[in-house]
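Just so you know, the sequences run in chain order E and X.
Numbered according to the working numbering, the first sequence spans residues 2 to 262.
Numbered according to the working numbering, the second sequence spans residues 2 to 262.
Be careful, since some hints might not be right.
A pair holds if it fits inside one copy or across any two, identical chains being indistinguishable in the list.
To be verified - In silico SDA-like links for lysine to any residue, alpha-carbon gap of 25 Å or less:
(1) Lys-91 to Lys-188
(2) Lys-68 to Ile-218
(3) Lys-91 to Asp-129
(4) Lys-144 to Gln-92
(5) Lys-240 to Asp-135
(6) Lys-91 to Pro-165
(7) Lys-91 to Trp-108
(8) Lys-144 to Arg-121
(9) Lys-188 to Ser-120
(10) Lys-160 to Thr-204
(11) Lys-30 to Trp-70
(12) Lys-68 to Asp-110
(13) Lys-160 to Met-173
(14) Lys-188 to Ala-236
(15) Lys-241 to Ala-258
(16) Lys-160 to Asp-127
(17) Lys-233 to Pro-94
(18) Lys-240 to Trp-70
(19) Lys-160 to Asp-110
(20) Lys-91 to Ala-42
(21) Lys-160 to Gln-221
(22) Lys-144 to Ser-120
(23) Lys-188 to Thr-204
(24) Lys-68 to Ser-124
(25) Lys-233 to Arg-158
(26) Lys-91 to Lys-160
(27) Lys-233 to Val-213
These are computed hints drawn from the structure, not numbers from a lab.
2 protein chains.
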Amino acid sequence: MAMPHKMRSLLPIFLAGVSCHALSQTPPKTVQERLGYPASARLLVIHADDLGMNHSVNRATFEALEKGWITSASILVPCPWFPEVARWAKQHPNADLGIHLALTSEWTDFRWGPVSGPSRVPSLVDADGYFPLDTPDVVQNAKIPDVEYELRSQIDRAKAAGIPITHLDMHMAGMVSSGELFGVYRKLRDAYNLPILLEPSGTHGPPAGISVPVEEIPLQRVITMEPGVAAKDWADWYKKQLAPLPPGVYQMIVHLAYDDE
Amino acid sequence: MAMPHKMRSLLPIFLAGVSCHALSQTPPKTVQERLGYPASARLLVIHADDLGMNHSVNRATFEALEKGWITSASILVPCPWFPEVARWAKQHPNADLGIHLALTSEWTDFRWGPVSGPSRVPSLVDADGYFPLDTPDVVQNAKIPDVEYELRSQIDRAKAAGIPITHLDMHMAGMVSSGELFGVYRKLRDAYNLPILLEPSGTHGPPAGISVPVEEIPLQRVITMEPGVAAKDWADWYKKQLAPLPPGVYQMIVHLAYDDE
Chain E
2 MAMPHKMRSL LPIFLAGVSC HALSQTPPKT VQERLGYPAS ARLLVIHADD
52 LGMNHSVNRA TFEALEKGWI TSASILVPCP WFPEVARWAK QHPNADLGIH
102 LALTSEWTDF RWGPVSGPSR VPSLVDADGY FPLDTPDVVQ NAKIPDVEYE
152 LRSQIDRAKA AGIPITHLDM HMAGMVSSGE LFGVYRKLRD AYNLPILLEP
202 SGTHGPPAGI SVPVEEIPLQ RVITMEPGVA AKDWADWYKK QLAPLPPGVY
252 QMIVHLAYDD E
Chain X
2 MAMPHKMRSL LPIFLAGVSC HALSQTPPKT VQERLGYPAS ARLLVIHADD
52 LGMNHSVNRA TFEALEKGWI TSASILVPCP WFPEVARWAK QHPNADLGIH
102 LALTSEWTDF RWGPVSGPSR VPSLVDADGY FPLDTPDVVQ NAKIPDVEYE
152 LRSQIDRAKA AGIPITHLDM HMAGMVSSGE LFGVYRKLRD AYNLPILLEP
202 SGTHGPPAGI SVPVEEIPLQ RVITMEPGVA AKDWADWYKK QLAPLPPGVY
252 QMIVHLAYDD E
């Protein structure tokens with residue numbers, strides 16, 4: 002593996018590139034070139050999701066960021082341990098932190114809901130007042146003005162807490178699960194001038210039937226190990242995924258926690 | 002210690018007694034007599050606060066209830082692990098569970114806010130959208146209609162989750178911290194026909210300057226060990242508190258958790 006995996010500020014730089022190239026007549030450069038690397042470079046973002054979910058996730062992710070094992074993470078603002086993230090971020094102003102835009106709450110015994118409150122965004126909550134357990138419920142019930150209001154509230158709460166946000170991504174692929182939700186995702190990208198997680202196709206790709214200019218897509222591919230791989234096989238799994246990758250920019254998503262909660 | 006400490010349904014029975022005796026001409030019987038015990042009885046409720054706060058509190062409190070080490074507990078409905086409580090309560094329909102009416106969120110790294118949402122009850126949240134850290138902020142800022150709306154929402158959410166509620170008490174003595182808040186506490190008692198935690202004076206007594214008929218006060222005294230007693234001295238501390246108590250009904254409040262979170 003000869004990839005540089007220290008890529009702080011990669012995505013903001015890329016974003017600046019997007020607008021230039023969208024207007025230019027020459028073929029767009031590769032993302033790696035726009036980031037100042039040769040066209041032959043293979044670049045990898047190692048990214049932890051779900052920061053703020055609980056204390057165990059926070060401790061593991063803080064440690065991985067501090068030790069350089071990962072390069073960035075994104076925050077679940079509605080979760081109860083968000084204040085610990087805000088405090089840690091103040092002590093680590095160079096940490097590469099994004100907002101993990103959330104409209105779902107997937108654990109049955111431990112749940113969260115909209116930061117803007119169930120009565121403000123009633124289409125985003127289930128009968129118990131929480132975000133629904135899974136994304137199809139969001140696609141079916143969420144009203145787009147509620148989605149935009151709530152997600153702006155999540156971003157704004159993080160900004161108000163002093164966190165220098167570098168990017169936006171999404172919990173449980175919510176923002177690419179329908180054309181309307183994807184529209185909000187792009188709108189927030191433009192409104193806050195922040196890059197969004199997006200791959201050409203796949204789990205984190207645009208919804209079916211929606212064509213997106215290549216300049217809007219920062220990543221060649223997102224690499225995530227799904228449950229089912231035995232712990233002893235993890236290193237092999239990652240090697241097999243990463244070794245054959247052609248030049249480009251990739252993001253590996255991990256979910257960190259201590260096994261104690 | 003010759004106190005019976007299995008007192009399920011003590012408080013609901015007591016409440017039924019309250020209305021009768023408030024109207025009678027004869028001197029009211031003692032609470033222990035109204036519960037069917039002799040006037041010389043010393044009765045003890047052993048009660049755990051803060052159920053629902055986190056998984057560690059839940060595990061410890063469930064175990065203590067199941068093993069009869071405590072007789073009742075009260076639930077922090079706004080906390081993220083409330084759904085686990087609702088699930089456990091369904092499996093333990095005889096558990097003596099109340100609502101720990103909450104208007105504060107005291108941990109700096111882990112916080113919660115109103116179940117009715119910050120925009121519905123704006124006077125109950127701080128600049129970060131959470132309940133304030135301490136009760137004086139509630140006394141200073143909370144508007145009484147917001148308080149009543151939010152606390153009804155907490156009770157209603159627990160009822161909607163199928164929990165058979167036996168009593169109301171309060172987080173961080175919030176409901177006795179001003180005359181107006183105490184008014185809401187009594188109003189909820191009457192509206193839901195549920196007994197409230199109240200002692201004649203002290204931390205869980207009526208606010209200064211407010212006179213309460215003795216028939217409204219179910220407990221002789223609330224006994225809570227405050228931080229500062231070394232673990233090796235806990236048993237002695239409890240013996241010294243309990244041994245000299247005269248006849249009456251007492252409540253010992255404990256805060257249970259595993260030391261792992």
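To see whether the hints hold, each was checked on the structure:
With identical chains, the CA atoms of Lys-91 and Lys-188 are never at most 25 Å apart, being 28 Å at best within one copy and 43 Å at best between copies. For the homomeric pair Lys-68 and Ile-218, neither the shortest alpha-carbon distance inside one copy (29 Å) nor that between copies (57 Å) is at most 25 Å. Only between protomers do Lys-91 and Asp-129 lie at most 25 Å apart by alpha-carbon distance; the minimum there is 15 Å, versus 34 Å within a single protomer. Proximity of Lys-144 to Gln-92 under the C-alpha cut-off of 25 Å is found in neither arrangement, the shortest distances being 38 Å within a copy and 36 Å between copies.
Proximity of Lys-240 to Asp-135 under the C-alpha cut-off of 25 Å is found in neither arrangement, the shortest distances being 31 Å within a copy and 51 Å between copies. When the C-alpha separation of Lys-91 and Pro-165 is checked against a cutoff of 25 Å, the pair qualifies only within one copy, where the shortest distance is 9 Å, while the shortest distance between copies is 44 Å. In the homo-oligomer, the alpha carbons of Lys-91 and Trp-108 lie at most 25 Å apart only across protomers (18 Å), although the nearest pairing inside one protomer, at 29 Å, exceeds that limit. In the homo-oligomer, the alpha carbons of Lys-144 and Arg-121 lie at most 25 Å apart both inside one protomer (12 Å) and across protomers (19 Å), since each shortest distance falls under that limit.
For the identical chains of this complex, Lys-188 and Ser-120 are neighbours both inside a copy (24 Å) and across copies (24 Å), given an alpha-carbon limit of 25 Å. In this assembly of identical chains, Lys-160 and Thr-204 lie within 25 Å of each other by CA distance neither inside one copy nor across copies; the values are 28 Å within and 39 Å between. In this assembly of identical chains, the alpha carbons of Lys-30 and Trp-70 never lie at most 25 Å apart, being 29 Å within a copy and 69 Å across copies at closest. Only between protomers do Lys-68 and Asp-110 lie at most 25 Å apart by alpha-carbon distance; the minimum there is 22 Å, versus 32 Å within a single protomer.
In this assembly of identical chains, the alpha carbons of Lys-160 and Met-173 lie at most 25 Å apart only when taken from the same copy (22 Å versus 30 Å across copies). Taking the shortest alpha-carbon separations for Lys-188 and Ala-236, neither the intra-copy value of 38 Å nor the inter-copy value of 61 Å comes in at or below 25 Å. For a Cα distance limit of 25 Å, the shortest separation of Lys-241 from Ala-258 inside one copy, 24 Å, qualifies, whereas the shortest one across copies, 44 Å, does not. In this assembly of identical chains, Lys-160 and Asp-127 lie within 25 Å of each other by CA distance solely across copies; the values are 16 Å between and 27 Å within a copy.
In this assembly of identical chains, the alpha carbons of Lys-233 and Pro-94 never lie at most 25 Å apart, being 35 Å within a copy and 43 Å across copies at closest. Proximity of Lys-240 to Trp-70 under the C-alpha cut-off of 25 Å is restricted to the intra-copy arrangement: shortest distance 16 Å within a copy versus 52 Å between copies. Taking the shortest alpha-carbon separations for Lys-160 and Asp-110, only the inter-copy value of 17 Å comes in at or below 25 Å, while the best intra-copy value is 29 Å. Taking the shortest alpha-carbon separations for Lys-91 and Ala-42, neither the intra-copy value of 33 Å nor the inter-copy value of 57 Å comes in at or below 25 Å.
Within a single copy, Lys-160 and Gln-221 get their C-alpha atoms no closer than 29 Å, and across copies no closer than 50 Å, so neither meets the 25 Å cut-off. In the homo-oligomer, the alpha carbons of Lys-144 and Ser-120 lie at most 25 Å apart both inside one protomer (13 Å) and across protomers (18 Å), since each shortest distance falls under that limit. When the C-alpha separation of Lys-188 and Thr-204 is checked against a cutoff of 25 Å, the pair qualifies only within one copy, where the shortest distance is 20 Å, while the shortest distance between copies is 52 Å. When the C-alpha separation of Lys-68 and Ser-124 is checked against a cutoff of 25 Å, the pair qualifies neither within a copy, at 41 Å, nor between copies, at 42 Å.
For a Cα distance limit of 25 Å, the shortest separation of Lys-233 from Arg-158 qualifies neither inside one copy, at 40 Å, nor across copies, at 44 Å. For the homomeric pair Lys-91 and Lys-160, the shortest alpha-carbon distance inside one copy (12 Å) is at most 25 Å, but the shortest distance between copies (40 Å) is not. In the homo-oligomer, the alpha carbons of Lys-233 and Val-213 never lie at most 25 Å apart, since the shortest distance is 39 Å inside one protomer and 66 Å across protomers.
The earlier numbered hints that this structure contradicts are 1, 2, 4, 5, 10, 11, 14, 17, 20, 21, 24, 25, 27.
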